[in-house]
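All chains, please: the whole structure from these sequences, using the hints.
Number of protein chains: 4
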Amino acid sequence: MATGRPGRTRSEKSWQAILEATRDELAAQGYDRLSIDRIATAAGVGKQTVYRWYPSKSSLVAECILRGYVVTPGIDILETGSVRDDIAAWLEAFAAGSRSPGGAALIRAGTAAAAEDEEVAARYAEVTKKTEDALVERLETGIAAGQLPAETPAATLAEALVGALLFKVVARQEISPQFISDLLNLVFTKESLHPEESV
Amino acid sequence: MATGRPGRTRSEKSWQAILEATRDELAAQGYDRLSIDRIATAAGVGKQTVYRWYPSKSSLVAECILRGYVVTPGIDILETGSVRDDIAAWLEAFAAGSRSPGGAALIRAGTAAAAEDEEVAARYAEVTKKTEDALVERLETGIAAGQLPAETPAATLAEALVGALLFKVVARQEISPQFISDLLNLVFTKESLHPEESV
Amino acid sequence: MATGRPGRTRSEKSWQAILEATRDELAAQGYDRLSIDRIATAAGVGKQTVYRWYPSKSSLVAECILRGYVVTPGIDILETGSVRDDIAAWLEAFAAGSRSPGGAALIRAGTAAAAEDEEVAARYAEVTKKTEDALVERLETGIAAGQLPAETPAATLAEALVGALLFKVVARQEISPQFISDLLNLVFTKESLHPEESV
Amino acid sequence: MATGRPGRTRSEKSWQAILEATRDELAAQGYDRLSIDRIATAAGVGKQTVYRWYPSKSSLVAECILRGYVVTPGIDILETGSVRDDIAAWLEAFAAGSRSPGGAALIRAGTAAAAEDEEVAARYAEVTKKTEDALVERLETGIAAGQLPAETPAATLAEALVGALLFKVVARQEISPQFISDLLNLVFTKESLHPEESV
DNA sequence: AAGTAAACGAGACGGTACGTCCTGTCTTCGC
DNA sequence: GCGAAGACAGGACGTACCGTCTCGTTTACTT
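Residue numbers (full-length UniProt numbering), protein chains in the order written: chain A, 1 to 199; chain B, 1 to 199; chain C, 1 to 199; chain D, 1 to 199.
If you're looking for bench data, these hints aren't it; they were derived computationally from the structure. All the pointers check out, no bait thrown in.
Because identical chains share one entry, a pair is satisfied inside a single copy or across any pair of copies.
Lysine-lysine pairs mimicking DSSO-like chemistry, simulated, CA-CA at most 30 angstroms apart:
hint	residue 1	residue 2
1	K130	K13
2	K47	K13
3	K57	K130
4	K57	K47
Here is the structure:
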């Protein structure tokens, strides 16, 4: 695979080691305690190599987020026939992820990074958008199946759900079964077309 | 104001100058670019004075947040008779606040701080809780007035609304009238007791 | 010992540790392999403390030289009655110093530093001047005693002697007894008033 | 010009460009601020090509010195009949060289390099030796002509003269006509066989 | 003419050191 | 005795070079 450019080709291996080290540091230390020195050492790489790939701490983190190393609120949403069940499964999957060892730490670090830096925010939004799109798709199937009111604003609903969950993680509150159940009740109101509901 | 102790009393003025300088730095630089050195200089205060009041960057920011210097999603919620109108007014007030010059920057800095530090997260939750409580109160008045279903989980709804809004700010997306309108439609479903709504 | 200035007083101890560490590094590594990092670590001092005292590697070395940590071609010149014997003793003392473990290394490092940096050169000249002055004083006593021609240009002679010796050290050549003896014969020529000479 | 070996022949042009770039850097920056990177770039050459010719900064400088790019204290010594006049001419030529723009800078850089590195010192000594040999030759002619005492130690005298001059350059002092005149008076004492001298 | 191999320019690699900034602590003076 | 001023040890920053190691290309010698 010729590059056409002179000089040694950039090391794919170093690049991956950098991203992995960054993820580990993010989970262990959070965003503002990240140290490029430490990342480079952990990755077995010169500091200059880190800077050759990414000009700043924030763009490095942005890349990690974009590549799903950090915030991946599970894109896979089931399609079992019941929208409510599928959304419930997704909520529980997210809650489970946020309870895993580094899970919440990574989400918090990523959110902090997004809150502090415009570029990171853009990547963060890109990634959450994917989840929201998957949610929207499932919600619209539900609308088509008559399981949700026709005028449900799916995109906004998806955004609100993601926001609510991330907020819980940032505020360091547990995403309890009760919370999930309440959210479901809000989305699928009594008046909705899914009358068998109970908390 | 005699303290009964010998020696010079701690300067209230210094203390305020510190908090104000911190707020300004937070708005201008964000959380991880905060510098105690700069804060002390800007406040015209010795570094030790800062540390005398607050043992760390995070607890200083925690205090700023707690005292409403940073994230204040307007606690005052109207009671005009229509829950929907009152919630709409609150949403719009928040949106307006997030569009003001330092408004979004402060919210983002505070959120980043909360995401990175447990103590800050606790204060952050304390502050958002006040807003949520006010929302809950208004929602329950609405329920009592029959403007919302009896089984509406007010606390969770309040949390989700706050989360959704903060997420928009972090992701650097505008809180559009459409978004607000959609949120209202989600809360006050067509089948709800407020049928005259339209986007 | 009041300084009149606020703030912590500069640590005399740190300062001495820095100079000693510098001297050790100079002897061990030479001038251009000096590392401020290493000096600071060896002195048990923060790098900033080094820079607070000296703005650059060269001014640090300049100070070391000036304080006699580096090039001290023995100022003490005897006054036994015979100029020739006294100068011979001094030459031999210098030769001995240049043969001691770190002796030659320090002289070379200091000379390299002087050759590369104007400020160091000034201090270097200051120090060698002291030796030259002592030599001149002794030579003039000798002239007065009729042991040297009246018109001997003592200052230039002193400078030439110092230069010749330093050159030998830089060129990494031994200062042999023969060389010393030859120098003496040049200064105290056969025609001079010290007729008992033999190589 | 067949080499008998396969592969591209080493580029004479690159080699010269390297030496010239090194000399320019030495004159402009001194020895310890030399940068192989900069030399390679200035010479329009890959860094590896520099290292192919010379394994280190010091051996590169050693070569420059040896090839007379750096320290050339003028070998050509006249033979007019008067030793004193010829030595005087040489001293003045050296003084003139040390006053030329890059002249003193190159001498200082070379001396610094010699003081810091054994290999460079060896080449430096080789080059100064040539000058000393030429001086010795002229001095011995003078001795034979009866213009200097028979027992004059020519080699040591030559070494001392070179050392005295280089020391002046390193110490950044001008080689004044007075200094030259004094040196001559020392070598050719009043009692010597050239009595018509006066300052 | 095709093949082999060394040297070329370019430039990325793992590292070390730079000089600056900041942290949290300690110390000295002035109010 | 508090508070500003500021020095302290320590650690991270982003940059500059070190000497090495590929790249793709050019040039010479060998088949």
